[in-house]
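2 protein chains.
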Amino acid sequence: MWGWGFVPLARTLGLFRGQECPRHIRASINGYRKIEMPTGKLHIVPLGGMGEFGMNCMAIRWGDDILVVDAGLMFPESELLGVDIVVPDISYLLENRDKVRGILLTHGHEDHIGALPWILSELNVPVWGTEFTLAYVEDKLDEHELLDDADLREIRPGEGFKVGPFAVHPIQVTHSLVDCVALAIHTPLGVLIHTGDFKVDPTPTDNRLFDLHAFAEYGKEGVLALLQDSTNVERKGYTPSEQAVRRKFDEVFAHTKRRLFISCFSSSIHRIKLAVDMAWQHGRKIAFIGRSMNNSAEIAEDLGYIEIPEGLLIHPGEMKNFPPEKVCVLISGTQGEPMSALSRAAVDNHKHAKIEKGDTVVLSSRIIPGNEKSIYRVIDHLFRREAHVIYDDGSYPPIHVSGHASQEELKLIINLVKPRYFIPIHGEYRQMKLHAELAASMHGAVGNVLMMESGDVMEFDELGARKVGRVNVGRVCIDSGSRTDVVEDLIIKDRRHLSEDGIVLPIIAINKLSGRVESLPEIVTRGFSAGEEGFLEDARQIVTQTLELSSEEEKTDYGVIKEKIRADLKRYISKQTQKRPLIMPVILEI
Amino acid sequence: MWGWGFVPLARTLGLFRGQECPRHIRASINGYRKIEMPTGKLHIVPLGGMGEFGMNCMAIRWGDDILVVDAGLMFPESELLGVDIVVPDISYLLENRDKVRGILLTHGHEDHIGALPWILSELNVPVWGTEFTLAYVEDKLDEHELLDDADLREIRPGEGFKVGPFAVHPIQVTHSLVDCVALAIHTPLGVLIHTGDFKVDPTPTDNRLFDLHAFAEYGKEGVLALLQDSTNVERKGYTPSEQAVRRKFDEVFAHTKRRLFISCFSSSIHRIKLAVDMAWQHGRKIAFIGRSMNNSAEIAEDLGYIEIPEGLLIHPGEMKNFPPEKVCVLISGTQGEPMSALSRAAVDNHKHAKIEKGDTVVLSSRIIPGNEKSIYRVIDHLFRREAHVIYDDGSYPPIHVSGHASQEELKLIINLVKPRYFIPIHGEYRQMKLHAELAASMHGAVGNVLMMESGDVMEFDELGARKVGRVNVGRVCIDSGSRTDVVEDLIIKDRRHLSEDGIVLPIIAINKLSGRVESLPEIVTRGFSAGEEGFLEDARQIVTQTLELSSEEEKTDYGVIKEKIRADLKRYISKQTQKRPLIMPVILEI
Chain Z
1 MWGWGFVPLA RTLGLFRGQE CPRHIRASIN GYRKIEMPTG KLHIVPLGGM GEFGMNCMAI
61 RWGDDILVVD AGLMFPESEL LGVDIVVPDI SYLLENRDKV RGILLTHGHE DHIGALPWIL
121 SELNVPVWGT EFTLAYVEDK LDEHELLDDA DLREIRPGEG FKVGPFAVHP IQVTHSLVDC
181 VALAIHTPLG VLIHTGDFKV DPTPTDNRLF DLHAFAEYGK EGVLALLQDS TNVERKGYTP
241 SEQAVRRKFD EVFAHTKRRL FISCFSSSIH RIKLAVDMAW QHGRKIAFIG RSMNNSAEIA
301 EDLGYIEIPE GLLIHPGEMK NFPPEKVCVL ISGTQGEPMS ALSRAAVDNH KHAKIEKGDT
361 VVLSSRIIPG NEKSIYRVID HLFRREAHVI YDDGSYPPIH VSGHASQEEL KLIINLVKPR
421 YFIPIHGEYR QMKLHAELAA SMHGAVGNVL MMESGDVMEF DELGARKVGR VNVGRVCIDS
481 GSRTDVVEDL IIKDRRHLSE DGIVLPIIAI NKLSGRVESL PEIVTRGFSA GEEGFLEDAR
541 QIVTQTLELS SEEEKTDYGV IKEKIRADLK RYISKQTQKR PLIMPVILEI
Chain B
591 MWGWGFVPLA RTLGLFRGQE CPRHIRASIN GYRKIEMPTG KLHIVPLGGM GEFGMNCMAI
651 RWGDDILVVD AGLMFPESEL LGVDIVVPDI SYLLENRDKV RGILLTHGHE DHIGALPWIL
711 SELNVPVWGT EFTLAYVEDK LDEHELLDDA DLREIRPGEG FKVGPFAVHP IQVTHSLVDC
771 VALAIHTPLG VLIHTGDFKV DPTPTDNRLF DLHAFAEYGK EGVLALLQDS TNVERKGYTP
831 SEQAVRRKFD EVFAHTKRRL FISCFSSSIH RIKLAVDMAW QHGRKIAFIG RSMNNSAEIA
891 EDLGYIEIPE GLLIHPGEMK NFPPEKVCVL ISGTQGEPMS ALSRAAVDNH KHAKIEKGDT
951 VVLSSRIIPG NEKSIYRVID HLFRREAHVI YDDGSYPPIH VSGHASQEEL KLIINLVKPR
1011 YFIPIHGEYR QMKLHAELAA SMHGAVGNVL MMESGDVMEF DELGARKVGR VNVGRVCIDS
1071 GSRTDVVEDL IIKDRRHLSE DGIVLPIIAI NKLSGRVESL PEIVTRGFSA GEEGFLEDAR
1131 QIVTQTLELS SEEEKTDYGV IKEKIRADLK RYISKQTQKR PLIMPVILEI
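Chains Z and B, in that order, give the protein sequences.
Note that my numbering numbers the first sequence so that position 338 is 338, with each residue one more than the last.
All you need for my numbering is the position in the second sequence, starting with 1, plus 590.
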């Protein structure tokens, strides 16, 4: 089982505190020398996120032991009307369920943790993550009533731990979220470094620095493979620090005369902290609007990432008691999500968030590709309300900075780590390919560059590395309803379900400019039998009612109106028939 | 009928050659002085393009005379599956059909001329345009068998002409297309300047300069209203000259070792000229692939905008006879249009355009918002073919420059023209609003700023300007089939037609990653009766066949596969039933 070869020196100081140091590492503790070398095979098997945006999930296998890194979701494309989220097909893990030792999380973004409820309900294994990451996970599992049965284990940057034949060393990195780690995974064949998502921010708002020293030390000791985030490989230079946004916020707070609404990703803790600090300095009360924004701020405050001085926070309902120049609102919905607080405020359909002439609305985020139309629709509505809208227009200082490393940062890490093998991860095909080319051009720092896509099995042994096959991967569509539903609502719309529950297409003809509905709604079904007389007629009534209760502005915003129709019709059908067909509203513009 | 007031001095030199100079202009020929002033009303009525992207069309009315500026189309949003183009509702013109004197075209882009076949088939009035613009128009009308009956009248920059009570002076401007004009329209109340689309390019490739002097002269004389293009108002500074791209092309031609494919908008005559010139210099043969690219190049060559040296041009079929380093291909499809030559080449489904390992593909164009996913899908396919892909990544020199004026150019024109009224045109609401704010801040150069949207009626008289009502406007969806169909195919999918011909939804479940079709296609119809037994079964067979004849790559590209299914099913239904229902393929990812 063990042969001879060179293995890298382990980091020993504090790394395996309170745990037995793995044998092959202990054996090499005095530096490079000829020692026992394992004759087994190491497999890296990405189950998502490689060749597609989101849904990051990767299996690492040594013999009968499998470790999973991340369990992310993907937000559906517009083709996927009627589903809420998309998660990776985990057949490979289910077929090897007795071998899966657990899931390691790099950080708390949805594309890294969002599939956990679905995966844990199929395969309840331990989950490791940092304090902040686990706080998000707890919230999510609680929502799906999975928390009580979950085995969550907190990890800390710099503190190693063992899982089966692996020893794992989390390394602190900087990103748009807080408490993020890269993972150095010691295997019998050598160390794998998985960067997670990162940028190299020299001045993070929480002063928790990117642990360059750990990467440097591994580079000196020797690394089998570096698996590095490809998201921003198309950007030259360095990604600006989060502090660049502070200068823009400074300007905005100084010049805003009335209410100030700031929308950012609810997970942008750095950004929320910045807004809270500025509001305090400029004498504005803070209100949080939107469920995700509230949750996120609460977690960040609990864990000490944000300090909200006594008396600063007000309930949204109290806003009307303060003059407009004394209020700052942090509001969810920066991607133009149809039912978000900001989208509803933009069409004057939010109880508390009333946007008035002269108010300022800041969109402190990037436009995720595919969301352009929804976002610009919201911006247009805000302009119609005569709000002053600040969004990313390429000017400096920026209103948003990316959380991902640009080319120079990617090269820096490669230079520090000097891996024997380099594997680009997290990206669409072109991004991984460009990342591979970038690494391949760094002759002094990289041994070999390997390209993999989701489903590929890459095998490493003492002779080298090669693709040895493919496993089943794919996208599983989940319709979780309001997303506050309990786990039984986590209905998988796979082939079988589709053919059991069928599809319902409400078809509405809307006059684009007037927002007028030009005919009675039609209901088309397939593979769905309501069983009752008059069901279709009632369903048409439901849709008609939804339309009547919607404003003209909502009716010209297809995203909003489709989502409302879907939600109402779903509630009705579920109540009447206990069935859950896929509901896909179709809008004909006329 | 005529009162007293100030009217601007007309430009007289050569302006009304061979025609009677309009009375009110003649009266003011010696400069500002008190003269007869008309007591009538001038109406400006935008029918499209204001508050939406594309579909530019505007009526200008004085009493019983209406002039129309531009007749553009809009490409449909993804919500509008099943329609090819969208044109403005021209009810206002049809209700006043005896008053419409003709249509003035500013330039030959689709969003300015694309609705002509539809409008002329309803209202056959004279059409004025420059030589190049009319060449595009002729091509388009010929395709719809409308050319013989059309009354096309060529205009030249700097040469004025009369239409009813209006005198029109076309002014040469620079843009991404050639032979573009702004229009100075002399009305009894004063001069309107409509900029059309423009940038201020000091070094256009055809050396036909932006006529700054004309704008300056009008500014000195006094202008009633400036109607200016808002497209790029969000961009600071100046738009780079077309020559900036020459430097990038220089690099690309110098470094490319194998076949070079260049895709740009087929109307980017400057860009095509650049590519042809470079190919000649670098000893590469040129092949044009794609119908629009061929047409456009032919027109540009006929009119002397492009010179193709003897022996440079080869037929696509001849490419295989030349070594890869001796070939340059100009290919249609820069927006990832599903059935375009480039999209098909990217999935290895084009007879002549075979893209091989090491070839270079240049996308010399911007990403039109909404097309991101299709374009990146094509780019990903090209990377998989191991082509070297060059696309706009923000680096300098740029691979594409915009044809629209940025903020400093917009301000320059405002300063030159010094209009009494400023009206932003061509833009979504936020763009027009920002443009209005920009103009409003220029106190020395602008009297009043007016915001209008499509359908608003703005009235001018000797007392001032005001909105006096609205006319019916909207979007009319046209399904022109293969777009080579004759005019009888120009079927308007309005309410009536929809209820007559109904809707057919082929529903297909595709496994995203494998491209495998997971079930038999379903056909759902509403308001459509095939009349025949077995029709649905046959239609399913048609769809199944289309799927079987498509490659795996095509099947994972929804745009392509939907378009193929739609085309095949349409052909079948049309043959079987002589009906033209709306066909909207629905893809379920599973």
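Be aware that one or more of the hints could be misleading.
Said to hold, decoys possible - Pairs of lysine-lysine residues, derived as DSS-like cross-links and limited to a Cα-Cα distance of at most 25 Å, are as follows:
hint: 1; chain 1: Z; residue 1: K320; chain 2: Z; residue 2: K357
hint: 2; chain 1: B; residue 1: K689; chain 2: Z; residue 2: K357
hint: 3; chain 1: B; residue 1: K689; chain 2: B; residue 2: K752
hint: 4; chain 1: Z; residue 1: K236; chain 2: B; residue 2: K916
hint: 5; chain 1: Z; residue 1: K236; chain 2: B; residue 2: K838
As the list claims (entries may be wrong) - So the derived list for chain Z, only partly shown, Cβ under 10 Å to chain B, looks like this:
hint: 6; residue: G51
hint: 7; residue: K162
hint: 8; residue: V163
hint: 9; residue: P240
hint: 10; residue: R366
hint: 11; residue: D380
hint: 12; residue: L382
hint: 13; residue: V389
hint: 14; residue: L438
hint: 15; residue: M442
hint: 16; residue: I503
hint: 17; residue: E537
hint: 18; residue: R540
hint: 19; residue: I542
To be verified - One-sided excerpt, in silico: chain Z residues whose CB lies under 7 Å from chain B:
hint: 20; residue: E234
hint: 21; residue: R246
hint: 22; residue: K248
hint: 23; residue: G370
hint: 24; residue: E372
hint: 25; residue: D393
hint: 26; residue: Y396
hint: 27; residue: E428
hint: 28; residue: K433
hint: 29; residue: M451
These are calculated hints, taken from the structure and not from any lab test.
For clarity, every value in this text was computed on a predicted model and none was experimentally measured.
Backbone N, C-alpha and C define an ideal beta-carbon position, used for all residues, glycine too.
Results of checking the hints against the structure:
| no. | hint | result |
| --- | --- | --- |
| 1 | Z:K320 - Z:K357 | holds (15 Å) |
| 2 | B:K689 - Z:K357 | violated (41 Å) |
| 3 | B:K689 - B:K752 | holds (15 Å) |
| 4 | Z:K236 - B:K916 | violated (32 Å) |
| 5 | Z:K236 - B:K838 | holds (17 Å) |
| 6 | G51 | holds (8 Å) |
| 7 | K162 | violated (34 Å) |
| 8 | V163 | violated (29 Å) |
| 9 | P240 | violated (14 Å) |
| 10 | R366 | violated (13 Å) |
| 11 | D380 | holds (4 Å) |
| 12 | L382 | holds (8 Å) |
| 13 | V389 | holds (7 Å) |
| 14 | L438 | violated (13 Å) |
| 15 | M442 | violated (19 Å) |
| 16 | I503 | holds (7 Å) |
| 17 | E537 | violated (15 Å) |
| 18 | R540 | violated (12 Å) |
| 19 | I542 | violated (18 Å) |
| 20 | E234 | holds (5 Å) |
| 21 | R246 | violated (22 Å) |
| 22 | K248 | violated (15 Å) |
| 23 | G370 | holds (6 Å) |
| 24 | E372 | holds (5 Å) |
| 25 | D393 | holds (5 Å) |
| 26 | Y396 | violated (10 Å) |
| 27 | E428 | holds (6 Å) |
| 28 | K433 | holds (5 Å) |
| 29 | M451 | violated (10 Å) |
Of the numbered hints given earlier, the model fails hints 2, 4, 7, 8, 9, 10, 14, 15, 17, 18, 19, 21, 22, 26 and 29; all others are met.
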